[in-house]
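Student: So the protein sequences, as listed, match chains R and W.
Numbering (the working numbering) for the first sequence: 1 to 461.
Numbering (the working numbering) for the second sequence: 462 to 618.
Keep in mind that the hints were calculated from the coordinates and are not lab data.
Incorrect hints may appear among the rest.
Stated by the list, open to error - Computed footprint of chain R on chain W, listed as stretches where at least three residues anywhere in the stretch have a Cβ under 8 Å from a Cβ of chain R:
| no. | segment |
| --- | --- |
| 1 | 470-484 |
| 2 | 494-501 |
| 3 | 505-513 |
| 4 | 535-544 |
Said to hold, decoys possible - Result set (DSS-like, lysine-lysine): computed pairs, CA atoms no more than 27 Å apart in a straight line:
| no. | chain 1 | residue 1 | chain 2 | residue 2 |
| --- | --- | --- | --- | --- |
| 5 | R | Lys-198 | R | Lys-272 |
| 6 | R | Lys-46 | R | Lys-220 |
| 7 | R | Lys-220 | W | Lys-501 |
| 8 | R | Lys-220 | R | Lys-272 |
| 9 | R | Lys-290 | R | Lys-46 |
| 10 | R | Lys-172 | W | Lys-495 |
A virtual CB, placed ideally from N, CA and C, is assigned to each residue, including glycine.
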Amino acid sequence: MRVMVQKFGGTSVATDESRALAADRVAQAVEAGWSVVVVVSAIGRKGAPYATDTLLGLLNGVDPQVSPAPRESDLLLACGEVISTVIFAQTLRARGYETIALTGGQAGIITDYEYTNARILEIQPAYLLQQLGTGRIVFVAGFQGATERGAITTLGRGGSDTTASALGAAVKPHVEHVEVEIYTDVDGVKTADPRIVKDARTLTVASYAEVSEMAHQGAKVVHPRAAEIAEIHDVPLWVKSTFNEAPGTLIRRTNTSEETSPRITGVTSTGKLVYLRFPLPDVSDTDRAKIEREVYRLLRNEEISIHLSSTGNGAFAFAVVREHLGRVAELIDGLVIPGELGPRTHPPYGVITLLGIGSKGRGMNAQRTLLAGASSLVDIRVVEADLVENCTMVSVIATGIDDIPGIFVKMLGVLDEQGVWLYQTADSEFSMSVLIREADSVRAVRTLHEAFHLGNAGTCG
Amino acid sequence: MEHSPGTSFEKERGVHAIQVRDDLALATCTTPDKWLLLLKALADNGIPVFHLKLHDSSITFIVRSEYVDRVLAVSDAVPAVTVIEPNVAFVSVVAGAMRDLSGIIARIFDALVGAGVQILQTGDAHDAVHCLIREESVATAVSALQHEFELAAGGEA
Numbered sequence: 001m002r003v004m005v006q007k008f009g010g011t012s013v014a015t016d017e018s019r020a021l022a023a024d025r026v027a028q029a030v031e032a033g034w035s036v037v038v039v040v041s042a043i044g045r046k047g048a049p050y051a052t053d054t055l056l057g058l059l060n061g062v063d064p065q066v067s068p069a070p071r072e073s074d075l076l077l078a079c080g081e082v083i084s085t086v087i088f089a090q091t092l093r094a095r096g097y098e099t100i101a102l103t104g105g106q107a108g109i110i111t112d113y114e115y116t117n118a119r120i121l122e123i124q125p126a127y128l129l130q131q132l133g134t135g136r137i138v139f140v141a142g143f144q145g146a147t148e149r150g151a152i153t154t155l156g157r158g159g160s161d162t163t164a165s166a167l168g169a170a171v172k173p174h175v176e177h178v179e180v181e182i183y184t185d186v187d188g189v190k191t192a193d194p195r196i197v198k199d200a201r202t203l204t205v206a207s208y209a210e211v212s213e214m215a216h217q218g219a220k221v222v223h224p225r226a227a228e229i230a231e232i233h234d235v236p237l238w239v240k241s242t243f244n245e246a247p248g249t250l251i252r253r254t255n256t257s258e259e260t261s262p263r264i265t266g267v268t269s270t271g272k273l274v275y276l277r278f279p280l281p282d283v284s285d286t287d288r289a290k291i292e293r294e295v296y297r298l299l300r301n302e303e304i305s306i307h308l309s310s311t312g313n314g315a316f317a318f319a320v321v322r323e324h325l326g327r328v329a330e331l332i333d334g335l336v337i338p339g340e341l342g343p344r345t346h347p348p349y350g351v352i353t354l355l356g357i358g359s360k361g362r363g364m365n366a367q368r369t370l371l372a373g374a375s376s377l378v379d380i381r382v383v384e385a386d387l388v389e390n391c392t393m394v395s396v397i398a399t400g401i402d403d404i405p406g407i408f409v410k411m412l413g414v415l416d417e418q419g420v421w422l423y424q425t426a427d428s429e430f431s432m433s434v435l436i437r438e439a440d441s442v443r444a445v446r447t448l449h450e451a452f453h454l455g456n457a458g459t460c461g
Numbered sequence: 462m463e464h465s466p467g468t469s470f471e472k473e474r475g476v477h478a479i480q481v482r483d484d485l486a487l488a489t490c491t492t493p494d495k496w497l498l499l500l501k502a503l504a505d506n507g508i509p510v511f512h513l514k515l516h517d518s519s520i521t522f523i524v525r526s527e528y529v530d531r532v533l534a535v536s537d538a539v540p541a542v543t544v545i546e547p548n549v550a551f552v553s554v555v556a557g558a559m560r561d562l563s564g565i566i567a568r569i570f571d572a573l574v575g576a577g578v579q580i581l582q583t584g585d586a587h588d589a590v591h592c593l594i595r596e597e598s599v600a601t602a603v604s605a606l607q608h609e610f611e612l613a614a615g616g617e618a
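With the rest of the complex left out, here is chain R (with noise of 0.2 Å):
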């Protein structure tokens, strides 16, 4: 038996003349041979009837104070992919295809009870072997799976992704051969944006490891934990449109990409960030590092995570998403770090460091009001960050980087030539990224896709 899993995201099948299409995608494999396997997500975006946002406002809005049981915001949550799913099903039977629709649990998917983000701990194809076997087309509604105790829990983002990689794993071992098809409304992996840059080129070939950088970096085509999946268990992969012909990208285990490496994969861009920067020029490495600490429990007490950490040379440095730096200045403006006491017999005993953020919040002068009582005992030092807002991070993805001289050179190169400022920058084993105003990002991804030559017209290098 040779499968195919398709997997069809939620404008694939909105409406009635993009399902048509879908379907014929399906009905193509199924002609072709294949035994098929179809994942689907919930129908449309936000605002559509049964997509996930919309059934997530509906439940938030019966009383916004109380938030609801994860356990039962998953059992609505699965809803739209059950759905989806049924509809779907039912569109191929029109055409005289036998068919049977799925939940996750009942395609065999097990997951923890990590509910709104659940991990997939096996999967158990037998049933759904066994209906491939009979000539079924098999529907599974993505996104979803169920504890061992039949609960039903949903997989986070990027779920219906995940699905379709992991069903390719679960049927691998029983079949002669499996690929994984993830039908998009683009053709395949973009070398950018193709609303940014209008030449971005589809790659025929990528690397999971590529894939998962770009998807890590802001590229929206197949999710990081799918890919991530389909490299654990070598599954091929495919990106395609379910709107045109064009052949998509072919994601496999591989180092290369195309045949050449080292290479420059594209770039992208993600992120509405705030930097902060707490200068600390006289501060001594120990007590840099207290201040440093002190700061960060608080965030993690509040399960905020940083980005683009940067510390040493008189000062430390992070970036926060956006919608988190009201947040953020409430735990952080007044913040009163207690420096160790000296050995001194006479004032001033020690260093009390006060830290502040700009006009986001009114705790440091509160407390600079309250310590003033104390400055004849101790030194009051006073830490105003320096406040970064509208920023955003824009990356050049590349394999074998260190067999390119001089490409993160380049890189900054070209954005200093353009005027575009940076803040900070950051790289990894598959990447290059800069911290930069977010009015600069179409420009810098624009350039840097130029000066990379990663266009229609271009090679890649």
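We have chain R; now place chain W onto it with these hints.
Tutor: Below, chain W without anything else, positioned relative to chain R:
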């Protein structure tokens, strides 16, 4: 219905390894208007640099120890003022689904500051947080991080 044994599918979430990369040097260029020229000159001379960080009046970057002499020679030629701190190492905390986790850096600081390890620089990616420390502190740092994240001794769990 016949059940197959089932297959484990996903990466473990959370911190699963501590990694060390040593034999490195920390370079600090304190000539702010020359940093891009310096980096270009280093690239032209085939010297790979990584973990570049921009500061208020300086930049820092990492080079492998074998390149230190050449970095200083290139820096002199630019000319730029570059200070080298040799014998440093990266200790990295590696995690799956890092972006779904908060507080990793706080726990790293708790562990390292608590163990008396000075953190010279930090950096983060979607799957790791890196801390630059002096080589002499590596054993202490690894032990402290293994304890903090409940990993088995030996570097990776």
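Student: Mind checking the alpha carbons of Lys-220 (chain R) and Lys-501 (chain W) for me, to see if they're no more than 27 Å apart?
Tutor: It is violated: about 33 Å lies between the C-alpha atoms, which goes past 27 Å.
Student: Lys-172 (chain R) and Lys-495 (chain W) were given as a pair; does the straight-line alpha-carbon distance stay at or below 27 Å?
Tutor: violated (56 Å)
Student: Closer than 8 Å, Cβ to Cβ, for at least three residues: run that test on the segment 505-513 of chain W against chain R and report holds or violated.
Tutor: holds (count 7)
Student: Please count how many residues of the segment 535-544 of chain W have a CB within 8 Å of a CB from chain R and say whether that reaches 3.
Tutor: Not satisfied, violated; 0 residues make the cut.
Student: Within a Cα-Cα threshold of 27 Å, do Lys-290 (chain R) and Lys-46 (chain R) meet the stated pairing?
Tutor: violated (44 Å)
Student: Do three or more residues from the segment 494-501 of chain W put their C-beta atoms closer than 8 Å to C-beta atoms of chain R?
Tutor: Holds: 3 residues of the segment 494-501 of chain W have a Cβ under 8 Å from chain R.
Student: Does Lys-272 (chain R) lie within 27 Å of Lys-198 (chain R) when you go C-alpha to C-alpha?
Tutor: holds (23 Å)
Student: Going straight from one Cα to the other, do Lys-46 (chain R) and Lys-220 (chain R) come out at no more than 27 Å?
Tutor: holds (16 Å)
Student: Is it true that the CA of Lys-220 (chain R) sits at most 27 Å from the CA of Lys-272 (chain R)?
Tutor: Between Lys-220 (chain R) and Lys-272 (chain R) the Cα gap is close to 15 Å, so the pair holds against 27 Å.
Student: How about the segment 470-484 of chain W: do at least three of its residues have a C-beta closer than 8 Å to a C-beta of chain R?
Tutor: holds (count 4)
Going down the numbered hints, you'll see the structure goes against 4, 7, 9 and 10, while the others check out.
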